[in-house]
Every structure is written in structure tokens, then in C-alpha cells.
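Given chain D, work out where chain C should sit, using these hints.
There are 2 protein chains.
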Amino acid sequence: MTEYKIALVGFGGVNRGFAQLVADHNAEWKVALGFSVRIVGVTDLFLGSIVDKDGLDAKQLVALPTEKGAFAQLPGGNAEAFNETVIKHSGADIIAEATFTNPVDGEPATTFCRWALESGIHVVTTNKGPVALHGAELKALARRNNVAFEYEGAVMSGTPVIRLARQALAGSNILGFEGILNGTSNYVLTQMKNGLTFNEAVTQAQQLGYAEADPSADVEGFDVRLKVVILANELLDARLNVSDVTCSGISNITAQDIAQATADGASWKLIGCAERDVQGSVRASVEARLLPGTHPLAGIGGAINAVSFHSELLGAVTVSGPGAGRIETAFALLSDIVAIHTVYGK
Amino acid sequence: MTEYKIALVGFGGVNRGFAQLVADHNAEWKVALGFSVRIVGVTDLFLGSIVDKDGLDAKQLVALPTEKGAFAQLPGGNAEAFNETVIKHSGADIIAEATFTNPVDGEPATTFCRWALESGIHVVTTNKGPVALHGAELKALARRNNVAFEYEGAVMSGTPVIRLARQALAGSNILGFEGILNGTSNYVLTQMKNGLTFNEAVTQAQQLGYAEADPSADVEGFDVRLKVVILANELLDARLNVSDVTCSGISNITAQDIAQATADGASWKLIGCAERDVQGSVRASVEARLLPGTHPLAGIGGAINAVSFHSELLGAVTVSGPGAGRIETAFALLSDIVAIHTVYGK
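Taken in order, these protein sequences are the chains called D and C.
Letter by letter, the first sequence follows residues 1 to 346 in the working numbering.
Letter by letter, the second sequence follows residues 1 to 346 in the working numbering.
Bound conformation, chain D alone (with noise of 0.2 Å):
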């Protein structure tokens, strides 16, 4: 039986959500995934860390309060967090990242994933930031020691995208996606669609949690530029970066837009996609879009998202499932160390 030693790097909703999953399937997972997992370490900037090498327990973990410091509050805790030890000391096999975005450096995400990756340990993450802006590195820094560096969940929470097309798509030759990639944007639409004005909609959005006090980078599209940024390099061999995708949002849509469209029995959704052209190169954009009725994310609604893949063999491929969520992120991290037991494991 495999056991997996695990770090956690970010405290916040996602790492606490895994930590929730640990305590109560790590039994089954067993039986039904082969292996089990320990977590020997937590360290968060605003948390404080901990680590131990025989394995904290995941419920206990759940339930600390989110203080400043709290981490002092356990037994051999402390208010600090020492990234670095908990990362490269901790004795982990795989670093489960899952700190916050950040759109302009990647960092301090980055560097985290950097150090595990040169220590020879397996990176797991949920951040967007290292992926979009140094993936092509991180990538070749974790084949250069032997290591994985998987990230299902920076697009569509634990809804399976880069896992779908990279393992059971093989071989359909990939020529382009769309998506509909942001959960507040789409839910906006779909609100405005029910009659609400867009800053009705926002409020709302707001209110149900989905958008943040500043919405502009879900509804301007800057959130999805990353995630097209990500899947353009993954399935289309692209190597874009962020300043690569040209990029609007839907601030500009009015309510007339949306009502001519219903009448029309079209929908306007926030489109983020790439095509790779006949000379093979790759053109993305994240924009509004018109889709008529028949097209496969015109019926995707409220905070859902949704990935239609354009392949040689197969036409259109649509998945959709959850965006956002902590349960629904945390299961991303899962289903990246299921992925790992696959290759390593055995």
C-alpha cells in the first residue's frame, strides 16, 4: 500500500477543503485509488505552519480558526510560516499548493512550486498564476528531476479538462477549444437574461459570493485570459503568454443586447478560446460572444462552466461541471495525486 506524504502550502479555502477530504475518505481511498495520504506538513503567510513527519491530523486541521497566527495555537505549531521548511523538509512527496492568484509574477506560488520541484518532489496546485505565466519552465523543471507538476484544477475547479484531453483525447488531434471559463461572468448573463441589469447582476453575484468586492477581473475577462493561456499551452502546444490573448469582457453588454438576443433565440457568453491555424499557429482571445441556440455552450447557465474541444476525429467535445467551490477545487488536488499514483506508483 502506497502512502503518500503531503504538504500543504495555502491554508485558504481549497487546502482546507482537501484537508476535509483526507479526513474523511482517506479509508476508502485505499481501496478504491490504491493508496492513502498523509499530511506532514501546512504552512500558510497568514496562518503560521506545521510539520510533522508522523502525520497531523486532518480534522483537527479543518477546524482551526482562521486568526492570524493560528498555527501556534497546535502543538508544535508556530505563528510563522516558514514556506521553505515546510516545503523542502518536511519529508513530502507532494506539495499540494493552493495560495492566491497572482495575475502580474506568479508569485510567491511560483517559487514554491520551484522549490519543491528542484527537491525531486511532486507539485500539485490549483493556482493559476505559476501555470499561466511560468508553465513552460515549470514543466520542463519538473521532467528535469523526475517529478510531476499537475494542475487540473487552475481551469474549472475539479471538473476534469486538461485530464480529459490529455489522456482520453489522445490521438483526435486537438485543433482548438471555446469555453465558457469564469462562473460570475456567466451567471451575470444568465441574471440578465432574467431581467436583471448588469450592476443588479454584479450585486447579486456579489452577494452569493461568486464575485469579488473589485469584479473586474472576472467580468473583464482577465481571469479567463489566464485559463486560455493554460489550455492553449497544453493542448495546442502553444507557447502564448498572457499579453498573447487579446482580451474584452462584458461590462459593454446592455440589456437591450441580451433581450434582442432572446429573441432571437441566441445567447451572449464570455468566450475564451484558441485555434491552432493551418500554418500551425495558435490565435487566442477572450471576448462576448453571440451564440446562436444550436451552438453546445449556448445552453450553459448560471456559475457552471463549461470546455467544448474542436478535434480532427471526434468534432465537438463538451464538458461541463463546476468552476469554483473548496470541496469541488480540493478534488482537482486529488485527482492530480490519482494521476501521479498512475505513473510513480507502481
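Think of the hints as simulated: they come from the structure by calculation, not from any bench.
From the three backbone atoms N, C-alpha and C, an ideal C-beta is built for every residue, glycine too.
Any given hint could be a false lead.
[As the list claims (entries may be wrong)] 30 Å max Cα-Cα, derived DSSO-like pairs, lysine-lysine:
1) C:193 / D:193
2) D:30 / D:88
3) C:59 / C:5
4) D:139 / D:53
5) D:139 / C:30
6) C:53 / C:5
7) D:30 / C:139
8) C:88 / C:68
9) D:193 / D:30
[Claimed, not checked] The calculated label-pair distances, taken between Cβ atoms and stated as ranges, are:
10) D:260 / C:343: 20 to 30 Å
11) D:279 / C:199: 44 to 54 Å
12) D:26 / C:279: 17 to 27 Å
13) C:212 / D:137: 51 to 61 Å
14) C:343 / D:279: 28 to 38 Å
15) D:222 / C:257: 38 to 48 Å
16) C:277 / D:166: 30 to 40 Å
17) D:208 / C:173: 19 to 29 Å
For chain C alone, coordinates are given in the frame of chain D:
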């Protein structure tokens, strides 16, 4: 470089499509997938058979006329279908079984699969019969002989369903599924929504080649029932027989039912589904259902197929794509070989 020697059993649309894929893509598979394919034998009850351990010309196979005994026209070919010789003695590593589905006893395909598995030869198939009627026996036979029995194409052609659930959703705790698993009946319902009567829509589906002269397997749910058995046994660890699945079709749905649904923003769909209850037993059915407009399957129109998985950790994840087509189904055979290569090829 791994080369898989493949024998094709049945040479109708699907395996002819597979030969087309080999003719067009074998060279690129070496780079993209890490293996190439050599067709060492073909047998077909109508066309006859041929074996060449040095490899048959895939292009020549594709061009074979559809005439009784046509393989006799090729050097070394025979008008008779020497099935057992081709399966057991062509030197194949993998049998691609794509004969017709026999919904009564799964023969002769099941015997073909047994011959291969007993001889230590992997089987990939797009045939629902052996999997739905004798799946447990054939899976056990494969395990005992340390070979693979793969059948992605038995449900939704090359659209990943079985492998998506088995690999990418592993650990999500799938509790049930609902699917639109028959393109003909979905096309009929879609065209009734567009104003045709049931009989007009069936006639149109026949003219387009979706429906057989006797459309009852499609519109009465019998085809879907086989797929529900396959998915329930695969995804929910059920041990269902065909007779365990209650089954009704769409022939009683009237134009008036459809009009009323449309007025209510709802859609009639032929749904194959199964779910595990809290005691662990699995209930499965095929029936026409009235889906609200927000249901993930409500917007699936035309001949497209889709499955919505319900899991404990992700809620609903839905995949849609082609449910038929010769190249689309042949791709399923390729994806099965990719899966075999992942496990056995390293």
C-alpha cells in the same frame, strides 16, 4: 518504439474507419502517442478474411469493394471468414472487434472476444453485445490472462465516457448518471420540437441514415438499455442484467406533449439512467422524461449524445459529443489502444 499488431474482426464501417485512421495517421502516432500499428489480419462474415504477418496495406483495405467474398480479390485473401485463424493465429497483440451488436446473446462477438482473451490477446471493441450481456465474465477472463478488455466505443462512440469516469473522475464517488444515449431518438424529439410529427421525424432520421428500416431498437429504448447496463456495471459497480432495467421509449409522445413542454421551457428527452441508493443497490431505467430548461441535458439537441455524472464531490459533470459515425467510433478503438499502451506498453 512499440508497434502493435492488430487484427480487425468485422469489416463494416467502424473497422474500415479504423483502417482509414491507420492509413492517414500511423506515422504521426509514433511521435504523438509513442506507438504505431500494423494490421496483420482482417475477417468479416460477408467479405471473407486475410492474414499477413508482415502487415496489410491499410489504404488497400479501405478501398476493398463491399461485395461478398471480396477479400479473395487481394493476394493471399480468402472468400471465407476464417475467424478463429485470424483471431488466434495472425500474430495479433490486439483484436479490434467491431461486428454487429446482437442484443439477444451477444454472439458471435462474445465468442470472438473469448478466443482472443483466452489466447492472451488484448481486445478492444465497439460492440455493446458482449459488454452488456457478458461483461463480467469477459472482464474476469481478461484479468486472468493479464490482458485488457476495453470498450470505450460501446457507449457514445469515441466521446470519452467510460474512460472519463474511470480515470479523470476516480475518487469523486459517482452516485449515478443520466444520459441521452441514442442519437436517433434525440433527433426525432428535436425535430418534433421543430414541428414535425413523430412519423415524419422518424422518416427523416431514416433518410439521413440515423435510423434503421425498423427503428424500434432506437425509439423504444432497447439500444439505450444495453448502454445503461454497461455504464451502471462500469461506473457504479453494479451487476445488472438487461432485464433489470425498466424500459420504455418515445413512441407515445405526442406533438401536443412536445408543444406543451416547449411552452413551459422544458424538453422531452429519452433518458437512460442509474443510481445507487443508500443501501448500495442500483436502480436503472430507460424512459422519456420531461426535463426543465436548466437541466444539463435539456439543451442537447439533434443526434448529439451526452451523459451527466452525479458525484459526491463534484455534483453534476456532463460530457456531450458524437454518439455515432464511422471515424468517431473508430477513434474509440484508438483511444482503447492508447489506454492499453499506458498500462502495458511501458
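Here is how each hint holds up against the structure:
no. : hint                      : in the structure
1   : C:193 / D:193             : holds, 22 Å
2   : D:30 / D:88               : holds, 26 Å
3   : C:59 / C:5                : holds, 16 Å
4   : D:139 / D:53              : holds, 28 Å
5   : D:139 / C:30              : holds, 22 Å
6   : C:53 / C:5                : holds, 8 Å
7   : D:30 / C:139              : holds, 22 Å
8   : C:88 / C:68               : holds, 24 Å
9   : D:193 / D:30              : violated, 47 Å
10  : D:260 / C:343: 20 to 30 Å : violated, 53 Å
11  : D:279 / C:199: 44 to 54 Å : holds, 50 Å
12  : D:26 / C:279: 17 to 27 Å  : holds, 24 Å
13  : C:212 / D:137: 51 to 61 Å : holds, 55 Å
14  : C:343 / D:279: 28 to 38 Å : holds, 37 Å
15  : D:222 / C:257: 38 to 48 Å : holds, 46 Å
16  : C:277 / D:166: 30 to 40 Å : holds, 35 Å
17  : D:208 / C:173: 19 to 29 Å : holds, 26 Å
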